[in-house]
Amino acid sequence: MMRTNGAVASEPAPAAKPAEPGRLNHEDRAALLRYMAMMRAAEERGLTLYRQGKIPGSFYDGCGQEAISVGSAFTLGPRDRMCILHRDLGAHFVRGVTPDRYLANYMGREGGLTGGRDGNMHFGDRKLGCVGMVSMLPDMALVATGMALAFKARGEARVAMTYFGEGSTANGQWHEAMNMAGVSRLPVVFILENNGFAYSTPNELEFAVDPVERARTYGFPGVSVDGNDVEAVFEASQIAVERAREGGGPTLIECRTMRMHGHGAHDDMSYVPEGLHEEWAKRDPIDLYAKRLVAEHGFTEDEVETIRRDVTQYVTECAERALASPMPDPGNATRGVFATDFEPLGDGQAPWSHWQGRNGHNGSRGQA
Amino acid sequence: MSAATETPKATGAMTYLEAISDALREEMRADQTVICMGEDIGAFGGAFKVTDGFIEEFGASRVIDTPLAENAIIGAAVGAAVEGLRPVCEMQFADFIACGFDQLVNVAAKLHYRQGVAVPMVIRLPSGGGFSGGPFHSQNPEAWLLQAPGLKVVAPATAADAKGLLTSAIRDPNPVCFLEHKGLYRSVKDEVPGGEHTVPIGKAKVVREGSEVSVIAYGSSVHLALKAADDLGGDVEVLDLRSLCPLDVDAILATARKTGKVLVAHEATRSCGVGAEVAALISQHAFEDLDAPVRRLTAPDVPIPFSPPLEQAVLPQLEDMKEALDDLSSY
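Sequence order for the protein chains is A and B. Start counting the first sequence at 17; every next residue gets the next number (this note's numbering). Start counting the second sequence at 183; every next residue gets the next number (this note's numbering).
Since the hints were made in silico from the structure, they are not lab data. There may be inaccurate statements among the hints.
Covered by chain B, per the in silico footprint, the following chain A stretches (three or more residues, Cβ under 8 Å) [claimed, not checked]:
no., segment
1, 121-133
2, 139-151
3, 351-359
Okay, derived cross-link-like pairs now, DMTMM-like style, lysine to aspartate or glutamate, Cα gap no bigger than 25 Å in a straight line [to be verified]:
no., chain 1, residue 1, chain 2, residue 2
4, A, Lys-168, B, Glu-221
5, A, Lys-168, B, Asp-222
6, A, Lys-298, A, Glu-312
7, B, Lys-385, A, Asp-357
8, A, Lys-168, B, Asp-247
None of the values given here were measured: they were computed from a predicted structure. Virtual Cβ for every residue (Gly too), placed ideally from N, Cα, C.
When you get a sec, could you build the whole thing from the sequences and use the hints?
What follows is the structure, encoded as structure tokens:
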């Protein structure tokens, strides 16, 4: 198995099954580019706010990994559910979170998704069908497994999807999640982001066997795709989601990529071998896709540039809204420990054209 | 256990164990979203037979035999709960909550505070010693749980309260840790209302009226206190806390003010335990009413040993309770 922190940047993954004609239409492809660009722009803006001292704590992003969360989340229907992790901002955007709420959350503002209760990427919008992550990894793999357990128990054709880095596959809870999902053939899709490093620890110190190979030992398929190719991620995810929805059980999808920034903004990445970032920079997922849209999918240069420019403008407006949000009332710090009522999770946005008119939703609400 | 498979419609005597089964069965019959998850709870009916006959009645999709993995049980229950089910997780022994602690305290307990996501689930914790279970099958882990804001914790002493509190726990929109003392399973038998029976979480109960000295206890220590009071024939009030989070502060202060002498008793270890919290509340809010320092009767800060004489030396015994009450009365 190839190791991401080796020379893999020059070795593209085997091509995934090409999208069937019509599976992704022009608008879908524009949306894939838009969500990836939105993630990049929002995180760049967040990094600036951090450097300006407006974000307490540290700052974590998924630069270079945009294709993974966008390509995978794009496959989901409104009633599917997610547990989204810290390199996966694009999935939040696909499901309907807007960048102003994301930036406000990072700044600890009232208008953030947690109202200041939790920071950085520790959020999920329950009204959009997401339960947000905790710092302990890969805890959410078990929560997503439990969501899938509920779907199966009720005989519902719904799917749970979650993410984790290759680092967290060393933790025992990863095994617990894979095993439980496999034993009960639960409708859950596990997206493994192999970005080369668990903080500073390279693959060869993380595991002796690539975790994607372990999938079959749990009784379900593991596939490996180029994590910098958004349509490859989409395609593998779509197959896995369909399989889960039809009762075929879980799938583990390894998306091979490279974390282009530090673990957090405080990380100088001195441990990354010289030249590796430069190699991967040539395979930037957003640039690659923009070129491909023009070369293969009938987009004009101008159309692609307009999408990217409009997103940047939109994120700038969102940042202004986030900055205008007040700090939370300290009196709220002791409220809300206990729930007084149960309120079910809401449905997420499902922008893929496939979902238009299906599942009781046209999937287009709130799209930025 | 065959008696437990028949649902009584009127009040009748039941063991503590039967009452737990009864609550679970009633709730599963009344609410399709209630499921059970745990190790060996299906065909085997659970290590203590609480779910005996459940898989036959409710099927394997609602009585889920899980792999031996406590974080998986609790983590998956969180996912199922946020999706609208009401999972009741069985830890085979309360001690094993340590293996599921991360999902309990970091995921389940904090989700509502952080994200407004309610997590309606119950974690059943067969706790307590007295049967040579040794260091890993005898623990009383309530203090661990009480330091994790977001968890409710209940610890019934009677069969009626076991049924009523478990029913309330299942209906609560929060994670509720239900401590069921193994020593009470078959030794305690009392009148339990048939059909629906709830006991509010957060309400203590005076189970013996008295005016000279108060024992504030929960779980197995309630029975120790009642027996000691009867044996001594003293004017002893016994307050059964029933819920450890939230604590019934009003009831604690009321009995402290009434008698002016308080013994807090529990089987769990001493330092930073429930007794410490109760004593601190009393010293802060009822200091002027005290006629003696608040005393504690607890296990010392040691693991629960295996060999009977060692275990008896560690767990509070009836004679210890009598001695503590005598000391306090004569202060």
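Hint check results:
1. Evaluation of the coverage hint for the segment 121-133 of chain A: fulfilled, as 3 residues show C-beta separations to chain B shorter than 8 Å, against a requirement of three.
2. Counting residues of the segment 139-151 of chain A whose beta carbon lies closer than 8 Å to any beta carbon of chain B gives 7, which meets the minimum of three for the stated coverage.
3. Counting residues of the segment 351-359 of chain A whose beta carbon lies closer than 8 Å to any beta carbon of chain B gives 8, which reaches the threshold of three, so the coverage claim holds.
4. For the hint pairing Lys-168 of chain A with Glu-221 of chain B, the CA-to-CA distance comes to about 20 Å; that is within 25 Å, so the pair holds.
5. Distance hint between Lys-168 of chain A and Asp-222 of chain B is fulfilled; the C-alpha atoms sit about 21 Å from each other, no more than 25 Å.
6. Between Lys-298 of chain A and Glu-312 of chain A, the direct Cα distance comes to roughly 19 Å. Compliance with the 25 Å bound is thereby established for this hinted pair.
7. For the proposed pair Lys-385 of chain B and Asp-357 of chain A, the alpha carbon gap of about 19 Å is at most 25 Å, so the pair holds.
8. Simply put, Lys-168 of chain A and Asp-247 of chain B have alpha-carbon atoms about 15 Å apart, close enough for the 25 Å limit, and the pair holds.
Violated hints for the displayed structure: none, as all numbered hints are satisfied.
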